[in-house]
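**Student:** Residue 0 is where the sequence shown starts when you use numbering that gives the first Met the number 0, and the numbers rise one by one after that.
Don't take each hint at face value.
To be verified - Straight-line distance between alpha carbons at most 30 Å, and here's what the computed DSS-like set of lysine-lysine pairs gives:
1. 62 x 93
2. 102 x 59
3. 84 x 94
4. 21 x 59
5. 21 x 62
6. 21 x 84
7. 93 x 59
8. 21 x 55
9. 59 x 94
10. 94 x 62
11. 62 x 102
12. 84 x 102
13. 55 x 102
14. 59 x 84
Hint data in this document are derived by calculation from the structure and do not stem from the laboratory.
Source: prediction; values computed, not measured.
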Amino acid sequence: MSHQQSDENFSTPTKVRPSAEKFATWNTLSTNDRLDRIGTSIQKVRDRPYYQSNYKPEAKFQKGDPICLCFEGIYYHAVIQSVNKESFYCSELKKDVPLYTVKYPGWEK
Numbered sequence: 000m001s002h003q004q005s006d007e008n009f010s011t012p013t014k015v016r017p018s019a020e021k022f023a024t025w026n027t028l029s030t031n032d033r034l035d036r037i038g039t040s041i042q043k044v045r046d047r048p049y050y051q052s053n054y055k056p057e058a059k060f061q062k063g064d065p066i067c068l069c070f071e072g073i074y075y076h077a078v079i080q081s082v083n084k085e086s087f088y089c090s091e092l093k094k095d096v097p098l099y100t101v102k103y104p105g106w107e108k
């Protein structure tokens, strides 16, 4: 299997050694900018399965599963209350995705 094929299938992570220029740029960023870039990179890794050609919107979590959600850079802990049978069209991913109802601990209804 060639290196390019493994990247297309996302089966093997690729290690990249940053250059001195990238480190210099990184060091000029504020803490918020660094966290924003790290969060964006992590989200790209999490979204990889949605971009595969054989993707199907099947729920991967069940009722009662604890999860962590991120909204505008703030992370929230929640518990899945229900798994909907209908999928939801995500305009950002341009795909149907599973739809869950969640409850944040300590919140009323």
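**Student:** Now tell me if each hint is right for this structure.
**Tutor:** We went through each hint and held it up to the structure:
The suggested pairing of residue 62 with residue 93 holds, with an alpha-carbon distance near 26 Å, which does not exceed 30 Å. For the hint pairing residue 102 with residue 59, the CA-to-CA distance comes to about 17 Å; that is within 30 Å, so the pair holds. For the hint linking residue 84 to residue 94, the alpha-carbon distance of about 16 Å falls within 30 Å, and the restraint holds. Between residue 21 and residue 59 the alpha-carbon distance is near 36 Å, which puts this suggested pair outside the 30 Å criterion.
Proposed proximity of residue 21 and residue 62 is contradicted: the alpha carbons are some 43 Å apart, above 30 Å. Proposed proximity of residue 21 and residue 84 is contradicted: the alpha carbons are some 45 Å apart, above 30 Å. With a C-alpha separation of about 19 Å, the suggested pairing of residue 93 with residue 59 holds against the 30 Å cut-off. Restraint check: the Cα-Cα separation between residue 21 and residue 55 comes to about 37 Å, which exceeds 30 Å; the hinted pair is violated.
As the CA atoms of residue 59 and residue 94 are separated by approximately 16 Å, the hinted pair is consistent with the 30 Å bound. About 23 Å separates the Cα atoms of residue 94 and residue 62, which keeps this hinted pair within 30 Å; it holds. A distance of roughly 11 Å separates the Cα atoms of residue 62 and residue 102; the hinted pair therefore holds under the 30 Å criterion. For the given pair, residue 84 sits about 18 Å from residue 102 by alpha-carbon distance, which is consistent with the 30 Å threshold.
Restraint check for residue 55 and residue 102: satisfied, since their Cα atoms lie roughly 25 Å apart, inside the 30 Å limit. A C-alpha spacing of about 12 Å is found between residue 59 and residue 84, which places the hinted pair at or below 30 Å, so the restraint holds.
Hints 4, 5, 6, 8 from the earlier list are contradicted by this structure; the remaining hints agree with it.
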